[in-house]
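Going down the list, the sequences are from chains A and B.
Under my numbering, the first sequence has 169 at position 159, and the numbering climbs by one with no breaks.
Under my numbering, the second sequence has 12 at position 2, and the numbering climbs by one with no breaks.
Read the hints as simulated data drawn from the structure, not as lab findings.
By construction, the Cβ of each residue, glycine as well, lies at the ideal position given by its N, Cα and C atoms.
Among the clues, some could well be false.
[Claimed, not checked] Partner residues are not named here, just some residues of chain B that face chain A (Cβ under 10 Å, in silico): (1) Thr12; (2) Leu15; (3) Arg34; (4) Gly39; (5) Arg42; (6) Glu48; (7) Leu60; (8) Pro65; (9) Arg75; (10) Leu78; (11) Arg115; (12) Thr176; (13) Arg200; (14) Ile202; (15) Thr206.
[Unchecked claim] From chain A, some residues computed to sit far from chain B (all C-beta separations above 10 Å): (16) Phe21; (17) Pro66; (18) Pro123; (19) Thr176.
[As the list claims (entries may be wrong)] Here are some of the chain B residues that sit facing chain A, going by a computed Cβ distance under 10 Å: (20) Leu19; (21) Gly38; (22) Ser41; (23) Asp122; (24) Val177.
Residues per chain are reported as follows:
Protein chains: 2
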Amino acid sequence: MTDRLEAQLAFVRELDRLKLVLRRTSVGGGSRRENSAEHSWHLATMAVVLAEHAPPGTDLERAIRMLLVHDVVEIDADDTFAFAALADPAVAQAQVERERRAADRLFGLLPDPQGAELRALWVEFESGATEGGTPTARFAVALDRLQAMLQNAGNAGGTWREAGITVAQAYRRMAPIREGAPGLWPLVERTISDATTAGFLRHG
Amino acid sequence: MTDRLEAQLAFVRELDRLKLVLRRTSVGGGSRRENSAEHSWHLATMAVVLAEHAPPGTDLERAIRMLLVHDVVEIDADDTFAFAALADPAVAQAQVERERRAADRLFGLLPDPQGAELRALWVEFESGATEGGTPTARFAVALDRLQAMLQNAGNAGGTWREAGITVAQAYRRMAPIREGAPGLWPLVERTISDATTAGFLRHG
Numbered sequence: 011m012t013d014r015l016e017a018q019l020a021f022v023r024e025l026d027r028l029k030l031v032l033r034r035t036s037v038g039g040g041s042r043r044e045n046s047a048e049h050s051w052h053l054a055t056m057a058v059v060l061a062e063h064a065p066p067g068t069d070l071e072r073a074i075r076m077l078l079v080h081d082v083v084e085i086d087a088d089d090t091f092a093f094a095a096l097a098d099p100a101v102a103q104a105q106v107e108r109e110r111r112a113a114d115r116l117f118g119l120l121p122d123p124q125g126a127e128l129r130a131l132w133v134e135f136e137s138g139a140t141e142g143g144t145p146t147a148r149f150a151v152a153l154d155r156l157q158a159m160l161q162n163a164g165n166a167g168g169t170w171r172e173a174g175i176t177v178a179q180a181y182r183r184m185a186p187i188r189e190g191a192p193g194l195w196p197l198v199e200r201t202i203s204d205a206t207t208a209g210f211l212r213h214g
Numbered sequence: 011m012t013d014r015l016e017a018q019l020a021f022v023r024e025l026d027r028l029k030l031v032l033r034r035t036s037v038g039g040g041s042r043r044e045n046s047a048e049h050s051w052h053l054a055t056m057a058v059v060l061a062e063h064a065p066p067g068t069d070l071e072r073a074i075r076m077l078l079v080h081d082v083v084e085i086d087a088d089d090t091f092a093f094a095a096l097a098d099p100a101v102a103q104a105q106v107e108r109e110r111r112a113a114d115r116l117f118g119l120l121p122d123p124q125g126a127e128l129r130a131l132w133v134e135f136e137s138g139a140t141e142g143g144t145p146t147a148r149f150a151v152a153l154d155r156l157q158a159m160l161q162n163a164g165n166a167g168g169t170w171r172e173a174g175i176t177v178a179q180a181y182r183r184m185a186p187i188r189e190g191a192p193g194l195w196p197l198v199e200r201t202i203s204d205a206t207t208a209g210f211l212r213h214g
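With the rest of the complex left out, here is chain A:
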């Protein structure tokens, strides 16, 4: 076997560990927390199904690859609860540094330029919630937010209820969907409204 293939297999074996990284959200029914590998599969498959809701200029195949690797850094850096990072800049900054080191090591396992290409997908995803994000990254981030919303709505409020999240916080977290998957915004409004009525989100 070539060194190149050995390097690719080292990365493939590392991927297995993403199955052990737990998110704050739960699988349907709430029987256990969701892991980042199955979450990534859900998102990539959603990109196929919901492709028509992507904004103009989206490269769908790139969005799918982006969603496949967007959480790979969590193998070393673990999952950071979104609302904790939103509430505390120090938490957010520590996360950025942990993830950068993780990207160095993990994508660095791959031969060049493959490692750099996959890392670029992750970097592009990370800008998907900002004005400067590409349409592809904005669509990918929109699906990431949408899936968390669907898991929480389907699990009697899930992490929204556990963490006492307010309507305003939920809207702020879901905001990237407005640009990243505009046709899905009415779904966000309806879901947040229903969750508020049900007492899953706090007023404010």
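Following the hints, position chain B against chain A.
Just chain B now, with coordinates in the frame of chain A:
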């Protein structure tokens, strides 16, 4: 919201249940069995990383989509242990019928022609171990076999050892890799040889 979007969301919500379908293989370290959602993510990401090993004529983007949906029928039909189906034609036939009914219901949730398109990906995958399979399906099936091999080799023999699998049975199961990812065949030979030496596979 349109009926079309409601139908797509019904499918997206069903997908969540694939996270609860357990395979016979375990995650690295053997701490728990692997589920079909995280397995599908592993395969789709492997397709990105190992793309250069696909046979001529492979449509890589189609292979990725195929791997994302190839196990969706297990939401209704559950996972069937490969070696059980190999050993007993009645087990294999019952599986075929269960999966066809599952495909009717699950892909039928989607609007047309989207449901038919995703179902066609699954049908194409199912022929990937046969002479008539497309290069895309052969590559997808090769990765499916390869991943199970890596999980077993990485878990002290895993299901090979638990089920008393022989060298000949392992080679028969891995055979699709010879055509579906020819550059990876030396890896199969080395892994089976090492597993035999280690006592993870029975002689015969």
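Violating hint indices (sorted, rising): 3, 8, 11, 12, 14, 15, 16, 23 and 24
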